[in-house]
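Undergrad: Residues per chain, in single letters:
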Amino acid sequence: MEPTNIRDPEYFHKVVDCQYACPAHTPVPEYIRLIAAERYTEAYMINWESNVFPGILGRTCDRPCEPACRRGRVEEEPVAICRLKRVAADHKGDVRSLMPQGPFPPNGKKIALIGGGPASLTVARDLAPLGYEIHLYDEWHKGGGMMRTQIPAFRLPEEVLDEEVGYIIDLGIHTHFNQYVASMREILEKGYDAVFVGTGAPKGRDLQLPGREEGAKNIHIGIEFLANVAFEHTDKIGRKVIVLGGGNTAMDCCRTSRRLGGDDVKVIVRSPFKDMKASPWEIEDAQEEGIPILNNMPPKEFVVENGRLKGVLFEHVKAEYDENGRRRLVSTGEPDTFVEADDVIIAIGQDNAFPWIERDLGIEFGKWDLPALDKVTFQSTLPKVFFGGDAAFGPENIITAAAHGHQAAISIDRYCQGGDVHDRPAPMTNLIHQKMGIHEWMYDSYVVTDQRYKVPHESKVLTLTNRKVEVELGFDRGVGFQEAQRCLNCDVQTVFTDSKCIECDACVDICPTSCITFTENGEEEDLRARLNAPASNTSQDLYVSEPLPTKRVMVKDEDVCLHCGLCAERCPTAAWDMQKYLYNVTKACKIL
Amino acid sequence: MTYIKPKFRHPGLPKNTLGYSRADYEGAISTLCAGCGHDSISGSIVQACYEMSIEPHRLAKVSGIGCSSKTPTYFLENSHGFNSVHGRMPSVTTGANMANRDLIYLGVSGDGDSASIGMGQFCHVIRRNINMTYIVMNNGCYGLTKGQDSATTDFGSVSKGGSKGLYQSIDLIGLALELGATFVARSFSGDKTQLIPLIKAAMSHPGFALLDVLSPCVTFNNNVGSTKSYDYVRDHIEATSVLDFVPEEEEITVSYPEGGSASVTLHDGSQLLLHKLSPHWDPTDRHSAVNRLQQAKKQGEILTGLLYIDPQSQDLHDIMGTYSKPLNSLQEEDLCPGSATLEKINASFR
Ligand SMILES: Cc1cc2nc3c(=O)[nH]c(=O)nc-3n(C[C@H](O)[C@H](O)[C@H](O)COP(=O)(O)OP(=O)(O)OC[C@H]3O[C@@H](n4cnc5c(N)ncnc54)[C@H](O)[C@@H]3O)c2cc1C
Ligand SMILES: Cc1ncc(C[n+]2csc(CCOP(=O)(O)OP(=O)(O)O)c2C)c(N)n1
Ligand code: SF4
Ligand code: SF4
Ligand code: SF4
Ligand SMILES: [Mg+2]
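Just so you know, the sequences run in chain order A and B. Under our numbering, the first residue of the first sequence is numbered 1, with each subsequent residue one higher. Under our numbering, the first residue of the second sequence is numbered 1001, with each subsequent residue one higher.
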């Protein structure tokens, strides 16, 4: 293999599995260490800079970082990264004074943001300090988008949402709430220098089956139902409720129903349980609230008698897989099952919808009525119009919306300043020695064996009777510290200087997880087969040195390195050094 | 301050026939200087014992005094161990071996421990052909006491302080050949591919097996001008052969070109396959081994590999015709065979 180019900013970034997996590339280990040091305010600000909504995300993030976390490869479970974020938010001190302080001298440019969800709010946060005059339009009376209309209060208290949306609105954003934008043409005619579309994927899918129209009064679309609950247009539901669908929306619908009088709530999915789209923890929480999940039962008919919904008729199927692994649901031949219900909630997905964007403006649309966009710049075919969040490529999640927002903000700034939108800023990176003395590092290199801590829950007596009582209580400071200590500090990199190596093997002998091998060079596949421990996880890189005096090379499999620093500790010549790698996505405006 | 080896190991570590992974043969974290050659030898011992599927409770580690003699703490933590007195490892091992012939004995010593204070013990344990592996971690100095010259410091070798070795050095390999050792090998801590099979072969040899392992002292004897530094050893090393150790139950998979190879079958059925790099030398002929060694010395080479092996080796128990079982397993009836037997013995003296 070619020697590894550690100057490539992505090489060490990739080693920080959590940060690399995070769409906004939040410097996770950096803030986890700050939490362990009880420096919650700074931990919060690192998050705020990257993901804009630490308190919200610390409760609701889809956490792509956790399945990626290295800890999950050396023991049972990853670090509870998401819940640690909440620890920072819960225990922080004054953060407002650390944020950019307006009023900002105007730069003469005006921008419209359509939709008040996390994508638009992120654009607003990144551009306001640069002096842009920002106009935010949303059809509801407050900002937050689906974080407000969809995510139930028992998962995300309104105060937390208001606080973090407030930090942005207070940067001097001109809000146009309670205004549904019905025409893009009109917006364009207002002379904005650029327009950002962050209107989400607002259309809930319906299920056209026999009885749908007759039973309409008691058949609800999931996201409409949740919005109605959030805005207190709906405050009760029947005793028996069926929720159709297996995603996170279905989980929120069934748990909300439990709190509005549904005491016999069932989730029924058409395919096998293991194929459910909902996050495992959301499924677990629903089940803990006494909600059964029935699988392999596609609905066939809404049964309506005398104009009243009686229930739903289901078929029984099983999954069969062809040689390409493609799934097919085939009938088991069992007789259909009728399940009684007073109300049915359809939560089978969302679609994008842009009925308000006229098709003759030069904004092209492609497959599934999604806008044709540049994947890096988020620019549409009409140069002054940009998209982001769920509106860009279909429904995702909050952290993706924030990541889009950052990139769109850069594009908008470039565009408005007459620059090239394709000219993207390099990430900020820094490598810092961690050595302090013999056996002393600037980070806590000791690897604890604690298992993942569970977040305590509020009593069900309270949570199931009041939909606004938050279920999760969050870690207290003590447990927050213990969980933080589980982090392996993957950003403290093992940096190898071949010219210093005397090939004494000390690092090979000490490494607890057999990461290091000195051997003859070869092609990657061949090398992987020859290392001291199997290197079968090809998503993790091999770090290969220049040839050493014995003609061999040093090969380190990054896969299960514990970042314990022992290789550097045992190296007599400091050919190995532990260096903290800071990687930060450059934003349109410097925040911290 | 954190200098603690984490508990986690590579989740995909392979297992040996006993179901143990390499990690099960490790010991406490080393307190030797970073980069000390001795640590690599410890690592090789761990690997060799893992690969040979040795049951840890069947092995005893015995050592003397020195950095080298400290290493048994850093490997095989589930085995027996005795850290004895300076230079006395051979007699302690002899006693242990006489009492319990069932254990595998691994003696660990240094050049100071063996070639100075323990010289007499070293010679006699060879004469007696005690069934043991005797590893000398040879750094050409007294590491533990801050690097004084030892009896293996070569004439003219420059110390860290700049002085040159004044005396002729003792070559433990030459001495062992002279004294009739039945297994004699030399290796280098920085060459595990050579060292590991040698350790395995030594442990399988029924009798005394000497492994003189050059093991640089990074702190006191790794300077320019030293003949025991990493650089010097790497520049002057000359291997007699490439060795493969093939346990009895395994099939032989390596093949070497005709003529240059030799195979030696050990008493337990395992085989040593030698790919000879050095012509005119026969590893089962003591005379040719001595000649080859002398020749290397003249050319300034450090000769490594298996130099001599006597496949007919008879250990002390064979020589003395001792009882076949360890003493601690003897029952009252074995120890007190009754008056009839006593009569017989007495009669034999009449
Ligand atoms: C039930 C449910 C639960 C979810 N739970 C989570 C979760 O736990 N974690 C997570 O990360 N993600 C979750 N999501 C997804 C997440 O809410 C979205 O991915 C995210 O909010 C998308 O952000 P956005 O900025 O693109 O748009 P949105 O948040 O959708 O905001 C768009 C806003 O624009 C408004 N709007 C639309 N069209 C117009 C118009 N023409 N004029 C004016 N206003 C308009 C909308 O009403 C809305 O307020 C959930 C989604 C649902 C449906
Ligand atoms: C009876 C006795 N004499 C002297 C010493 C001091 N002493 C301790 S270690 C050592 C030499 C060790 O040298 P070596 O065996 O080569 O081990 P190394 O530290 O080099 O590995 C000496 C002389 C002692 N401990 N006991
Ligand atoms: S152990 Fe810590 S740094 Fe490593 S991936 Fe997990 S959270 Fe990130
Ligand atoms: S930091 Fe070094 S010693 Fe520790 S696990 Fe990683 S490679 Fe091994
Ligand atoms: S003094 Fe020399 S022999 Fe002793 S531990 Fe240090 S490097 Fe090794
Ligand atoms: Mg010594």
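Simulated from the structure, these hints should not be mistaken for laboratory data. Glycine included, every Cβ here is placed at the ideal spot set by N, Cα and C. Any given hint could be a false lead.
[Claimed, not checked] Here are the simulated distance ranges between beta carbons:
| # | chain 1 | residue 1 | chain 2 | residue 2 | range |
| --- | --- | --- | --- | --- | --- |
| 1 | B | Ser-1329 | A | Asp-498 | 35 to 45 Å |
| 2 | A | Leu-473 | B | Ala-1028 | 37 to 47 Å |
| 3 | A | Thr-497 | B | Lys-1297 | 35 to 45 Å |
| 4 | B | Glu-1301 | A | Met-436 | 41 to 51 Å |
| 5 | B | Ile-1029 | A | Asp-162 | 46 to 56 Å |
| 6 | A | Glu-525 | B | Ala-1028 | 56 to 66 Å |
| 7 | A | Ser-499 | B | Ile-1029 | 34 to 44 Å |
| 8 | A | Pro-427 | B | Tyr-1003 | 52 to 62 Å |
| 9 | A | Asp-498 | B | Gly-1321 | 57 to 67 Å |
| 10 | B | Ile-1029 | A | Asp-170 | 25 to 35 Å |
| 11 | B | Met-1098 | A | Ile-6 | 55 to 65 Å |
| 12 | B | Ile-1029 | A | Glu-525 | 31 to 41 Å |
[To be verified] Non-contacting residues of chain B with respect to chain A, defined by C-beta distances greater than 10 Å in every case (computed):
| # | residue |
| --- | --- |
| 13 | Thr-1002 |
| 14 | Asp-1024 |
| 15 | Gly-1095 |
| 16 | Ser-1169 |
| 17 | Gly-1180 |
| 18 | Ser-1189 |
| 19 | Lys-1192 |
| 20 | Asn-1222 |
| 21 | Leu-1277 |
| 22 | Asn-1328 |
Undergrad: Confirm or reject each hint.
TA: Hint check:
| no. | hint | in the structure |
| --- | --- | --- |
| 1 | Ser-1329(B) with Asp-498(A): 35 to 45 Å | violated (55 Å) |
| 2 | Leu-473(A) with Ala-1028(B): 37 to 47 Å | holds (42 Å) |
| 3 | Thr-497(A) with Lys-1297(B): 35 to 45 Å | holds (37 Å) |
| 4 | Glu-1301(B) with Met-436(A): 41 to 51 Å | holds (44 Å) |
| 5 | Ile-1029(B) with Asp-162(A): 46 to 56 Å | holds (52 Å) |
| 6 | Glu-525(A) with Ala-1028(B): 56 to 66 Å | violated (37 Å) |
| 7 | Ser-499(A) with Ile-1029(B): 34 to 44 Å | violated (28 Å) |
| 8 | Pro-427(A) with Tyr-1003(B): 52 to 62 Å | violated (34 Å) |
| 9 | Asp-498(A) with Gly-1321(B): 57 to 67 Å | holds (58 Å) |
| 10 | Ile-1029(B) with Asp-170(A): 25 to 35 Å | violated (54 Å) |
| 11 | Met-1098(B) with Ile-6(A): 55 to 65 Å | holds (58 Å) |
| 12 | Ile-1029(B) with Glu-525(A): 31 to 41 Å | holds (34 Å) |
| 13 | Thr-1002 | violated (4 Å) |
| 14 | Asp-1024 | holds (13 Å) |
| 15 | Gly-1095 | holds (31 Å) |
| 16 | Ser-1169 | holds (23 Å) |
| 17 | Gly-1180 | holds (34 Å) |
| 18 | Ser-1189 | violated (7 Å) |
| 19 | Lys-1192 | violated (7 Å) |
| 20 | Asn-1222 | violated (8 Å) |
| 21 | Leu-1277 | holds (17 Å) |
| 22 | Asn-1328 | holds (35 Å) |
When the structure is compared with the earlier hints, violations turn up for hints 1, 6, 7, 8, 10, 13, 18, 19 and 20 and for no others.
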